[in-house]
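Use these hints to put chain B onto chain A, whose structure you have.
Protein chains in written order, with our numbering: chain A, 1 to 276; chain B, 277 to 452.
Hint data in this document are derived by calculation from the structure and do not stem from the laboratory. Quick caveat: nothing in here was measured; it's all calculated off a predicted structure. Ideal placement from N, C-alpha and C gives every residue a C-beta, glycine not left out. Take the hints with a grain of salt, since some may be wrong.
To be verified - As a list, the in silico EDC-like pairs of lysine to aspartate or glutamate whose alpha-carbon atoms are at most 20 Å apart:
| # | chain 1 | residue 1 | chain 2 | residue 2 |
| --- | --- | --- | --- | --- |
| 1 | B | K405 | B | D422 |
| 2 | B | K437 | A | D3 |
| 3 | B | K451 | A | D3 |
| 4 | A | K276 | A | E190 |
| 5 | B | K397 | A | D3 |
| 6 | A | K15 | B | E329 |
Claimed, not checked - Estimated spans, in silico, between C-beta atoms of each pair:
| # | chain 1 | residue 1 | chain 2 | residue 2 | range |
| --- | --- | --- | --- | --- | --- |
| 7 | B | S447 | A | S120 | 46 to 52 Å |
| 8 | A | R24 | B | N336 | 18 to 24 Å |
| 9 | A | Y7 | B | Q404 | 19 to 25 Å |
| 10 | B | K397 | A | N185 | 53 to 59 Å |
| 11 | B | R440 | A | S120 | 34 to 40 Å |
| 12 | B | Q404 | A | R219 | 22 to 28 Å |
| 13 | A | Y117 | B | S447 | 35 to 41 Å |
| 14 | B | E431 | A | E190 | 37 to 43 Å |
| 15 | A | K173 | B | K451 | 44 to 50 Å |
| 16 | B | R446 | A | E190 | 52 to 58 Å |
| 17 | A | T44 | B | R421 | 47 to 53 Å |
| 18 | A | Q236 | B | T400 | 38 to 44 Å |
| 19 | A | Q236 | B | E329 | 30 to 36 Å |
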Amino acid sequence: MNDQFLYDIRPEMRKAFADELYTRLSQSAKSTPRLKFAYVLLGTLAILLVAAAAWQFMTTNAHFETEINGITINEMDYKIIDSHYYEPIKENPDALSRPGPTQEPRNVFDIMAELPYRISLPSWIPEGMELYELNQDDPGLWSAFFHLEWFSSEDGPSMSLMVHQIGAPMEEKVDAAPHTWKKVNLGEVEAVLVRGNFRFPFNSLEDYLQYFNNGGTWRPAFWDENYGLRLFWTYQDVYYELVTPSSGCAFAFVQCERLPKLSEGDLIKVAESMIK
Amino acid sequence: MMEFVGKKARVADDQEVDWHGLYLDLLPKIFHYFAYRVGDVQIAEDLAGTAFERAWRKRNRYRKDLGKFESWVFGIARKVAGEYFRKSKREPQAHQVPNIPDGHDVGKAFDEQTDFDQLQKLLTDMDQKDRHLLSLKYGAGITNRDIAQITGLSESNVGTKLHRLVTKLRSEWEKT
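One chain only, chain A, in its complex shape (with noise of 0.2 Å):
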């Protein structure tokens, strides 16, 4: 076995399947102008439902799918939610446990050190926490996401930062239930903060383990008010989300709102600490 036998052993892709998919490729290019019709229809049709809305937000105060400083917030009453988004969960049981450090306090500026690009950390964190964790998703230069945490001493706060870079094949998008965020500013850069998350949806192990042992592939998350605090914002091409207590409590049986976490005014603190 040798490089060359690796790559004559690859089996040959058929001619075929390459001029059906650019066919469907070409097929969803050309349909511009007949996308500009639908574009035309489907923009009085919005104009209609934002008038609905805007009679329903007068009356009822609704909320809509909204976009500040890049972050889409996507409002629903419940989420359902695939059960693969799960299995870390069942490979690695001590993710039920409570969240807390598994390695030593690391040092800012080797963290820094390891990152494939510039972010902003904190200036600024409350008395007693540490910097603990940066686990990374993939070391792949487009994929990179990171997560950082900083847990407190004993019965403290604790927080996580998540960032990856904007145009990497990743979401920024909050999913809230109507009525829980609000727009928020860092300085001169605006933020959306949410109070609360959709509440991990399992309430034992044995209610977890018998939902997958039944084939279970879906069940709704319910939102819960007192499930943690986030914080959402871009800048400098760079997303971020700051989250209390430490973001692994989302999919941990011990309840979030038992956890204690930072102030409203703490976390955006912190977060102001990040803007230079």
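Chain B in isolation, oriented as in the chain A frame:
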């Protein structure tokens, strides 16, 4: 063959990309990447189609200043492969039908298919990240430098990892 919109399409920041040329160059690489990753020609076709359609739909998110278009599409392909593996844990896959392109010698094609199946058995036991690397190198046939850009590893690290993986693969192959 039909053509994409004027062969070129605008992406983010008014940058132009030659989609026709990219399609001809990239599709075989993406297909062979998936063939190595999943070991099934039909599934590789489905996944390559999904990755290309997704790249086309999201083309306005590509930014030239952050990396090569090829790296961006392989980023999407890696995500598509990840989604496939998560899904295939729940749903059993259909049995593979040997792929014999028109005009090919059936006996030779059968031998090649057998070798490929044997290789796939060895790859199945490997870590997904290792299989991703081998698929980029020997499936997509791209250089260590380009693999380094796609994976974020250094070029020398890519070379070292691949050398170790192929040595291991060769040793396992000789045992079979």
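Here is what the structure says about each hint:
1. B/K405 <-> B/D422: Given that 20 Å is the threshold and the Cα spacing comes to 16 Å, the pair holds.
2. B/K437 <-> A/D3: The given pair, whose Cα atoms are some 14 Å apart, holds under the 20 Å limit.
3. B/K451 <-> A/D3: holds, 18 Å
4. A/K276 <-> A/E190: The hint holds at about 14 Å.
5. B/K397 <-> A/D3: holds, 18 Å
6. A/K15 <-> B/E329: holds, 18 Å
7. B/S447 <-> A/S120: 46 to 52 Å: holds, 47 Å
8. A/R24 <-> B/N336: 18 to 24 Å: holds, 20 Å
9. A/Y7 <-> B/Q404: 19 to 25 Å: holds, 22 Å
10. B/K397 <-> A/N185: 53 to 59 Å: holds, 58 Å
11. B/R440 <-> A/S120: 34 to 40 Å: holds, 37 Å
12. B/Q404 <-> A/R219: 22 to 28 Å: Check passed, 26 Å falls within 22 to 28 Å.
13. A/Y117 <-> B/S447: 35 to 41 Å: holds, 38 Å
14. B/E431 <-> A/E190: 37 to 43 Å: holds, 40 Å
15. A/K173 <-> B/K451: 44 to 50 Å: Since the Cβ atoms of A/K173 and B/K451 sit about 48 Å apart, the hinted range of 44 to 50 Å holds.
16. B/R446 <-> A/E190: 52 to 58 Å: Cβ of B/R446 to Cβ of A/E190: about 56 Å, so the range 52 to 58 Å holds.
17. A/T44 <-> B/R421: 47 to 53 Å: holds, 52 Å
18. A/Q236 <-> B/T400: 38 to 44 Å: For A/Q236 and B/T400 the Cβ distance comes to about 42 Å; the hint holds.
19. A/Q236 <-> B/E329: 30 to 36 Å: This hint holds: roughly 31 Å between Cβ atoms.
Going through the hint list in order, the structure satisfies each hint without exception.
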